[in-house]
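Modelling step: build the complete structure from the supplied sequences, incorporating the hints.
Residue numbers (this note's numbering), protein chains in the order written: chain U, 1 to 314; chain X, 1 to 325.
To be clear, the hints were calculated from the coordinates, so they are not data collected in a lab. Quick caveat: nothing in here was measured; it's all calculated off a predicted structure. Heads up, the beta-carbon is just placed ideally off N, CA and C, and yes, glycines get one too. A hint or two may mislead.
With a Cα cut of at most 30 Å, we get these calculated DSSO-like pairs of lysine-lysine [what the hints assert, rightly or not]:
1. Lys221/U <-> Lys93/U
2. Lys146/U <-> Lys21/X
3. Lys4/U <-> Lys266/X
4. Lys268/X <-> Lys207/U
5. Lys243/U <-> Lys268/X
6. Lys21/X <-> Lys221/U
7. Lys207/U <-> Lys273/X
8. Lys266/X <-> Lys61/U
9. Lys292/U <-> Lys221/U
10. Lys146/U <-> Lys273/X
11. Lys20/U <-> Lys107/X
12. Lys146/U <-> Lys107/X
13. Lys266/X <-> Lys243/U
14. Lys273/X <-> Lys221/U
15. Lys126/X <-> Lys71/X
16. Lys266/X <-> Lys93/U
17. Lys268/X <-> Lys4/U
18. Lys207/U <-> Lys146/U
19. Lys266/X <-> Lys221/U
20. Lys309/X <-> Lys268/X
21. Lys266/X <-> Lys207/U
22. Lys221/U <-> Lys322/X
23. Lys268/X <-> Lys146/U
24. Lys266/X <-> Lys249/U
25. Lys238/X <-> Lys221/U
Over the 12 Å line for every Cβ pair with chain U, so calculated as not near, a few chain X residues [as the list claims (entries may be wrong)]:
26. Ile15
27. Leu195
28. Arg215
29. Ser271
The residues making up each chain are set out below.
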Amino acid sequence: MTVKCAISGSALAKKYDDHKGIFQNKQRSYWALADVSFTLMQGETLAILGEAGSGKSTLAKVLTGIENPTSGMLMINNQDVSSESDKNQIRRKRAIRMVFQDTLGSLNPSLSLGEILTEPLINLTKLDKQEQFNRVMEVIQLVGLKEEYLHRLPHTFSAGERQRIAIARALILDPVCIVADEPLSALETSVQSQIVNLMLRLQDELKLSYIIISHNLDVIKHMSDKVMVLSHGRVVEYGPTDKVLNDPKHPYTINLIQGEQAPLNTDGLDLDASVDYCVYRYRCSESEEICKTRKPMETVVDERLLSCHKFSGN
Amino acid sequence: MALLQVDNLTVEFAIPGGSVKALDNFSLRVDAGSYHGIIGESGSGKSIAMLAIMGLLPTTATITADQLALKGRSILDMSTTERRNTLYQDVSIIFQEPHNSLNPSFKIKSQIDETLKAHGYNNRKKRTQRTRELLSDVGLVHIDSILDSYPHQLTAGILQRIMIAIALACEPDLLIADEPTASLDPFEQGQITELLTTLVRERNMAMVLIAHDLRLMREQTDYVTIMYCGQIVESGSKNIIFEQAKHPYTHSILASEPSNWNIPFKSKVPSLKGATPSLQHLPVGCYLGPRCPYAEAHCVQAPEPIYEKEHMTRCHFAGSIKYDR
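Structural data, given as structure tokens:
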């Protein structure tokens, strides 16, 4: 069986404009994401690692269609969907769905389980009432909830059940990929493993792809095929999980995995994608003169993509 | 004499049409300088137990105990003034949400000042000096700007450090930390727990830590208590709990910890089936019964706690179940 390419992004970038001053007339731009490229096959899992402020959530927003990329191309099933037309927006929203960390905050407190699950069907499909009902029932059983829960409100469920509802809502449009932003960290240990089992089973049954944003290295090791490490919106290391996590090469990844990260300090850091330097140079213990003047080239070292002067041969 | 002695503490809440037992015969003995860990899911009663000890439960709660004593003095009989002078002087508590624990409309300066004032620091100069001392003890820099800020201007990590400083203000003998790192981001979590442990060990204080992080428990604590549905299911010294656990629930949470997964890539992860029952609809007999993989017909009768020196287990088959590790 040939494996299809589910999602691919090339040179994705997102710029935010920050307006300051009394009349909002001083403009400063901030590249939250620059030059991010990846490919994700059907049934594969990509984990995204990085500290707070490294652009993980921006990437998730760009993929799920909450934000539009400033530049770059996003392909779903080999179809370009990066333009801002309504048709592409709907395609993106149907193909890439999201699951959040805060289980209570991500569900509308005044809608029942049935209404929560029907909403995407009303907005993004043309199914009639009976078909909608059938689809809801199908998904409820798929994620291990019971039919009699249909009229209950979110606060009456436990955290684990609410995360199942969030996954069901993501599944209901039959997506290509689910982006999960810290799906486990708000749950207790015993519930965590239930949700991991559910996600693995769904991936196996439906040939789903996952993009998982997580800090839990053990979970990443168990679930994901590839890891992408982000720092200041730039990819610093990207490759197979066992290579990146067991033998990290980039100084940033090494610090991140050992948990000895110096605190984020953006003072004096001009975060413009066009500027030539290494984004990690201020906090890197091995930084040299070249790191301040030239942007590191992406190099393939030991099956992974690295952007660091140490390895680029300069 | 133990610093804190709790025997059979039970907390009941009145609800429409009856009452619900949030805590069922909770016992704990904390000696001076010892480090205790409590593990349990939400609703297992771990926070309720700590609130009951601190006298912070609402009046709708009925608290009964064979013994609830701090340094030999019964806490339940204390008046409010006595509480302030003894209990709150000797025991401090840190909560999960630093944002909710601090008053949003006062500067940090006056909030630390308030605590010191209430506990006998009458000289203003001494209070200012002590405030600075406390903040530098918890590893904060730029103290001037922090003192002059409101809580919303600071990050959760800094606020939690301030909460720790306030908790240490009276040099308590016992520090209770109720999931102190749950609302912080993972890189700060490590720093805060490390700070707490060093502070506690340095000052030879006793500590009761409520947390989900099993790795942390294994590294830091001396004694561990495991709770389920308001009951203690197993308690004992750290080595016994992590190496010779007898209760199926303890075993299941140890097995479901991600760092203990020694299984092939993308294969099924060990987990207990089903969900924790609500306290209003508890199963008959052993509360774990319907979810327990080792349950037998006998489990419809409630198990009595079995003591083996300091190791307590609440299971009919404790010791006879063989776990493959």
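Against the structure, the hints come out as follows:
1. Taking the CA atoms of Lys221/U and Lys93/U, the gap is about 28 Å. The hint holds against a cut of 30 Å.
2. Taken as a hint, the Lys146/U and Lys21/X pair is honoured in the structure, with Cα atoms around 27 Å apart against an allowance of 30 Å.
3. Proposed proximity of Lys4/U and Lys266/X is supported: the alpha carbons are some 20 Å apart, at most 30 Å.
4. For a cut-off of 30 Å, the pair hint linking Lys268/X to Lys207/U stands: about 16 Å separates their Cα positions.
5. The suggested pairing of Lys243/U with Lys268/X holds, with an alpha-carbon distance near 23 Å, which does not exceed 30 Å.
6. Only pairs whose Cα atoms come within 30 Å are accepted, and Lys21/X paired with Lys221/U is rejected, the gap being roughly 41 Å.
7. Between Lys207/U and Lys273/X, the direct Cα distance comes to roughly 24 Å. Compliance with the 30 Å bound is thereby established for this hinted pair.
8. Between Lys266/X and Lys61/U the alpha-carbon distance is near 26 Å, which keeps this suggested pair within the 30 Å criterion.
9. With a C-alpha separation of about 34 Å, the suggested pair Lys292/U and Lys221/U falls outside the 30 Å cut-off, and the hint is violated.
10. Among the hinted pairs, Lys146/U with Lys273/X is consistent with the structure: their alpha-carbon atoms are about 15 Å apart, no more than 30 Å.
11. Between Lys20/U and Lys107/X the alpha-carbon distance is near 26 Å, which keeps this suggested pair within the 30 Å criterion.
12. Restraint check for Lys146/U and Lys107/X: not satisfied, since their Cα atoms lie roughly 50 Å apart, outside the 30 Å limit.
13. The suggested pairing of Lys266/X with Lys243/U holds, with an alpha-carbon distance near 17 Å, which does not exceed 30 Å.
14. With a C-alpha separation of about 23 Å, the suggested pairing of Lys273/X with Lys221/U holds against the 30 Å cut-off.
15. Taken as a hint, the Lys126/X and Lys71/X pair is honoured in the structure, with Cα atoms around 29 Å apart against an allowance of 30 Å.
16. A distance of roughly 27 Å separates the Cα atoms of Lys266/X and Lys93/U; the hinted pair therefore holds under the 30 Å criterion.
17. With a C-alpha separation of about 25 Å, the suggested pair Lys268/X and Lys4/U falls inside the 30 Å cut-off, and the hint holds.
18. For the given pair, Lys207/U sits about 24 Å from Lys146/U by alpha-carbon distance, which is consistent with the 30 Å threshold.
19. For the hint pairing Lys266/X with Lys221/U, the CA-to-CA distance comes to about 9 Å; that is within 30 Å, so the pair holds.
20. Note on Lys309/X and Lys268/X: the hinted pairing is violated, with a Cα-Cα distance of about 37 Å set against a maximum of 30 Å.
21. Taking the CA atoms of Lys266/X and Lys207/U, the gap is about 13 Å. The hint holds against a cut of 30 Å.
22. Under the criterion of a C-alpha separation no larger than 30 Å, the hint pairing Lys221/U with Lys322/X is consistent with the structure, at around 29 Å.
23. Distance restraint check for Lys268/X and Lys146/U: the Cα-Cα separation of roughly 22 Å lies within the 30 Å cut-off, and the hinted pair is therefore satisfied.
24. At roughly 25 Å between alpha-carbon atoms, Lys266/X and Lys249/U fall within 30 Å of each other, so this suggested pair holds.
25. Annotation: proposed proximity of Lys238/X to Lys221/U holds, straight-line Cα distance about 27 Å (limit 30 Å).
26. For Ile15/X, the requirement that its beta carbon stay farther than 12 Å from each beta carbon of chain U is met, with the minimum near 15 Å.
27. Every C-beta of chain U lies more than 12 Å from that of Leu195/X, the closest at about 14 Å, which supports listing it as non-interface.
28. Non-interface status of Arg215/X relative to chain U is broken: a Cβ of that chain comes within 12 Å, the nearest being about 10 Å off.
29. Listed as a non-interface residue, Ser271/X fails to keep its Cβ farther than 12 Å from every Cβ of chain U; the least gap is roughly 4 Å.
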